[in-house]
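For the protein sequence lines, the chains are P and Z, in the order given.
Here the numbering used here is used: the first residue of the first sequence is 41, the next is one more, and so on.
Here the numbering used here is used: the first residue of the second sequence is 41, the next is one more, and so on.
Just so you know, not all the hints are guaranteed correct.
Each pair may be met inside one copy or between any two copies, as identical chains are not told apart.
[Stated by the list, open to error] Straight-line Cα separation of at most 20 angstroms, EDC-like style, residue types lysine to aspartate or glutamate; simulated pairs:
1) Lys283 - Glu235
2) Lys73 - Glu196
3) Lys283 - Glu333
4) Lys59 - Glu306
5) Lys283 - Glu71
6) Lys73 - Asp286
7) Lys283 - Glu348
8) Lys283 - Asp269
9) Lys347 - Glu254
10) Lys376 - Glu85
11) Lys283 - Glu329
12) Lys283 - Asp252
No lab work stands behind these hints, which were simulated from the structure alone.
Number of protein chains: 2
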Amino acid sequence: MDNDFLTDFHHVATFGATKNNGVDRQAATAEDKLSRDWFSRFTREQGWQLRTDSIGNMFALNELVPGAPYILLGSHLDSQPLGGRFDGAYGVIAGLHAAKRIGHQLTETGVQPRYNIGVVNWFNEEGGRFAPSIMGSSVFAGLMERDRMLQVQDLEGTSVAQALDAIGYLGSDPGPEVAGYAEIHIEQGRILEREGIDLGAVDYSWYTQKLDVEVLGEQSHTGATAMADRHDALVAASKVILKVHDVVAGFEPESIVSSVGRMTLEPNSPIVVARRVHLVADLRAVDRETVVEARRVLLEQIAEIAKEHEIRILVNDFDVRDIQYYPEAGLELVEKVGADLGVSVRRIRTMAGHDSVAMNRIAPTVMMFIPSVDGVSHCEREFSTDRDMLTGLRALSEVGYRMVCGALTADVAESGTRDEESLVL
Amino acid sequence: MDNDFLTDFHHVATFGATKNNGVDRQAATAEDKLSRDWFSRFTREQGWQLRTDSIGNMFALNELVPGAPYILLGSHLDSQPLGGRFDGAYGVIAGLHAAKRIGHQLTETGVQPRYNIGVVNWFNEEGGRFAPSIMGSSVFAGLMERDRMLQVQDLEGTSVAQALDAIGYLGSDPGPEVAGYAEIHIEQGRILEREGIDLGAVDYSWYTQKLDVEVLGEQSHTGATAMADRHDALVAASKVILKVHDVVAGFEPESIVSSVGRMTLEPNSPIVVARRVHLVADLRAVDRETVVEARRVLLEQIAEIAKEHEIRILVNDFDVRDIQYYPEAGLELVEKVGADLGVSVRRIRTMAGHDSVAMNRIAPTVMMFIPSVDGVSHCEREFSTDRDMLTGLRALSEVGYRMVCGALTADVAESGTRDEESLVL
Numbered sequence: 041m042d043n044d045f046l047t048d049f050h051h052v053a054t055f056g057a058t059k060n061n062g063v064d065r066q067a068a069t070a071e072d073k074l075s076r077d078w079f080s081r082f083t084r085e086q087g088w089q090l091r092t093d094s095i096g097n098m099f100a101l102n103e104l105v106p107g108a109p110y111i112l113l114g115s116h117l118d119s120q121p122l123g124g125r126f127d128g129a130y131g132v133i134a135g136l137h138a139a140k141r142i143g144h145q146l147t148e149t150g151v152q153p154r155y156n157i158g159v160v161n162w163f164n165e166e167g168g169r170f171a172p173s174i175m176g177s178s179v180f181a182g183l184m185e186r187d188r189m190l191q192v193q194d195l196e197g198t199s200v201a202q203a204l205d206a207i208g209y210l211g212s213d214p215g216p217e218v219a220g221y222a223e224i225h226i227e228q229g230r231i232l233e234r235e236g237i238d239l240g241a242v243d244y245s246w247y248t249q250k251l252d253v254e255v256l257g258e259q260s261h262t263g264a265t266a267m268a269d270r271h272d273a274l275v276a277a278s279k280v281i282l283k284v285h286d287v288v289a290g291f292e293p294e295s296i297v298s299s300v301g302r303m304t305l306e307p308n309s310p311i312v313v314a315r316r317v318h319l320v321a322d323l324r325a326v327d328r329e330t331v332v333e334a335r336r337v338l339l340e341q342i343a344e345i346a347k348e349h350e351i352r353i354l355v356n357d358f359d360v361r362d363i364q365y366y367p368e369a370g371l372e373l374v375e376k377v378g379a380d381l382g383v384s385v386r387r388i389r390t391m392a393g394h395d396s397v398a399m400n401r402i403a404p405t406v407m408m409f410i411p412s413v414d415g416v417s418h419c420e421r422e423f424s425t426d427r428d429m430l431t432g433l434r435a436l437s438e439v440g441y442r443m444v445c446g447a448l449t450a451d452v453a454e455s456g457t458r459d460e461e462s463l464v465l
Numbered sequence: 041m042d043n044d045f046l047t048d049f050h051h052v053a054t055f056g057a058t059k060n061n062g063v064d065r066q067a068a069t070a071e072d073k074l075s076r077d078w079f080s081r082f083t084r085e086q087g088w089q090l091r092t093d094s095i096g097n098m099f100a101l102n103e104l105v106p107g108a109p110y111i112l113l114g115s116h117l118d119s120q121p122l123g124g125r126f127d128g129a130y131g132v133i134a135g136l137h138a139a140k141r142i143g144h145q146l147t148e149t150g151v152q153p154r155y156n157i158g159v160v161n162w163f164n165e166e167g168g169r170f171a172p173s174i175m176g177s178s179v180f181a182g183l184m185e186r187d188r189m190l191q192v193q194d195l196e197g198t199s200v201a202q203a204l205d206a207i208g209y210l211g212s213d214p215g216p217e218v219a220g221y222a223e224i225h226i227e228q229g230r231i232l233e234r235e236g237i238d239l240g241a242v243d244y245s246w247y248t249q250k251l252d253v254e255v256l257g258e259q260s261h262t263g264a265t266a267m268a269d270r271h272d273a274l275v276a277a278s279k280v281i282l283k284v285h286d287v288v289a290g291f292e293p294e295s296i297v298s299s300v301g302r303m304t305l306e307p308n309s310p311i312v313v314a315r316r317v318h319l320v321a322d323l324r325a326v327d328r329e330t331v332v333e334a335r336r337v338l339l340e341q342i343a344e345i346a347k348e349h350e351i352r353i354l355v356n357d358f359d360v361r362d363i364q365y366y367p368e369a370g371l372e373l374v375e376k377v378g379a380d381l382g383v384s385v386r387r388i389r390t391m392a393g394h395d396s397v398a399m400n401r402i403a404p405t406v407m408m409f410i411p412s413v414d415g416v417s418h419c420e421r422e423f424s425t426d427r428d429m430l431t432g433l434r435a436l437s438e439v440g441y442r443m444v445c446g447a448l449t450a451d452v453a454e455s456g457t458r459d460e461e462s463l464v465l
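Extracted from the complex, chain P is given alone in its bound form (with noise of 0.2 angstroms):
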């Protein structure tokens, strides 16, 4: 059982593998669609109905109430470019194990469950080449548009409609009625290591934003121009990188990250001092407070350089997500597996988006962590080892067994947002 397991997740590794043990597997390319038509023939192999929606969202189905809500287990098997075998596929692949175990669990033991089970691969969570991330979770939670994203474009033109069609997964079919969902995500940090805990119940996710940032200045050449005379706006945009890294440092250690990843520059010439920088600064913390204040800083800051560059720097805040909590009788049922099971829990917080975050506006939501092995994320040397995802497994297949019975569903006290705010996506 744990050796089927391991061996779909080392094929799965396969579909768009790097040469440094990664994957390159984005979202709607060719290496999606090998991991997607492995996910079919499981599907049918097991005997379930297989889904696909209008935003490439794929459920594998297993009917065991007839006309009852299912419980979703799942995640997505998309990567960054040269990204890692585990972040998605992990929790795609132990929810389609847990969800046979499950299966299997009813009919010898005759329990009648209160749901139907089901799998989940979730379009374009990882957003690399279609932004924003975390689409076609969002587009099922009724978060983001389903017309507007399947408009939306990849730096060659390409649609996520057209996309999706070249590869055969723009489908009709209706998505399922949920009644509850659980993912299980590696870390992707470094805490659970640290501590040695097997198992971490996500209680809640952090406060993020991101700072569109275009830094206007002058095209001139690079030889002929006086240095008094340019208004460089790489040079600009270089401080505006570096005080993007540096406001962390005014906080407490571990309770906020920032970064700027995309950047483009005009004209982009060796020899002309460039026009236009457009870049993405993202911000992240454990409360807004702290990203409010990061960002005020930064505003400052940004205005400083703009003027002692004689330059114009325009800011604008988007893709803000507010805290999100997992409902707390989830975390408890975590905890209850956990102890069950003889596997250790603490509660953790997500720095990161998961497609659990947009399900957890619409559905009791269970969200879990493996160890990482030294934190790292998004780039081939991710990794977690055998011995922490059978382990994960066993909790996953336990915990969604325990919700297709009607776990979490009478008793859901706490969910989504605590305060006014919501969710801008």
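Mind docking chain Z on chain P? Use the hints.
Quick look at chain Z alone, frame taken from chain P:
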């Protein structure tokens, strides 16, 4: 006569015109074709011979002395992306009108010239689309290999050969035999304007070199990866860019310029810390020693940045161009012509590269500058007055006339580099 020149100049500025008074006429584009077609028409209307060689250089040849070599006037009609109307185009159009005047003057005076007169539109001086710059004249002068240059690709993967063929200017004509070369160009700096001088006689070109810098960090998640666990290539690269900018402060004012104009990052995703940044730094100074010293300082600083971020940074020298001295006889000729015409002249160095730098390697070469307003160039705001252009045209006509009559070819004292180092392209 002056009006004909101005009419032509402002007409050519409509090819690839941008909304802010500039031009976007990169090498071998549809816009470049328009200016080339105009050059061809002008040539045919004069009854001159048109030749296009196998790297796209165009020669308009007026044979006055059967079989004799040519004095060539010229520059380039291609521009930077969103570049100015004057850079290059002024020299070609002034060259055409000067050649016309020289022909008439010879007819009127009955003087028997020693050489023929021709005008050249060099291919791809700018290098914005196809690197390196100064391509057509360097191939003509034997400093770059034609076959290698024909294979150079733009960012879309189109080769020089394909692009020239697509616009119908991949020729097969032999270039003319050259006895001398004269070029007039905008200064692209503000020395002439500041001193109120009409004409610069260019005595030498700055020592220039580029540094190819590859910053190799580690890709990771912008949200989940703790700041301490990152090896952010973009943060390190931003520090490199600021060091490149600041290095000039350690030298005499206006003796050195530096910049980074081209940069790419990978994977360039808003939620991924960059694993690799590639950038090109450009160093130019009045002498070799200054560039060598600035490079030494930079390499030390870059090594420190690499150490601080636990990142590899690879630096390679390329496009090293030694100081080129223009012949003393040519400088004296310009000064004599200036005195005869009542045009003020000063000797001036060029910080930018020009086709004349390549031609100076194979023939007695004269390079002249007219004032640039505000010293800006390679941008839409680049400007020179009609009055200054007409003064330059008079000077070029007279210099060209005297060269056709043998002014420079008897007594060329000094030409080319003064030390042993050769031009590395």
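Cross-check of the supplied hints:
1. Lys283 - Glu235: For Lys283 and Glu235, neither the intra-copy (32 angstroms) nor the inter-copy (41 angstroms) Cα distance is at most 20 angstroms.
2. Lys73 - Glu196: within (19 angstroms within a copy, 26 angstroms between copies)
3. Lys283 - Glu333: within (14 angstroms within a copy, 29 angstroms between copies)
4. Lys59 - Glu306: between (33 angstroms within a copy, 17 angstroms between copies)
5. Lys283 - Glu71: neither (37 angstroms within a copy, 41 angstroms between copies)
6. Lys73 - Asp286: neither (40 angstroms within a copy, 49 angstroms between copies)
7. Lys283 - Glu348: Both: 15 angstroms inside a copy, 17 angstroms across copies.
8. Lys283 - Asp269: between (24 angstroms within a copy, 19 angstroms between copies)
9. Lys347 - Glu254: Classified as within: same-chain Cα gap 15 angstroms, cross-chain 30 angstroms, threshold 20 angstroms.
10. Lys376 - Glu85: neither (33 angstroms within a copy, 92 angstroms between copies)
11. Lys283 - Glu329: within (19 angstroms within a copy, 34 angstroms between copies)
12. Lys283 - Asp252: within (15 angstroms within a copy, 25 angstroms between copies)
Of the numbered hints stated above, those contradicted by the structure are hints 1, 5, 6, 10, listed in ascending order.
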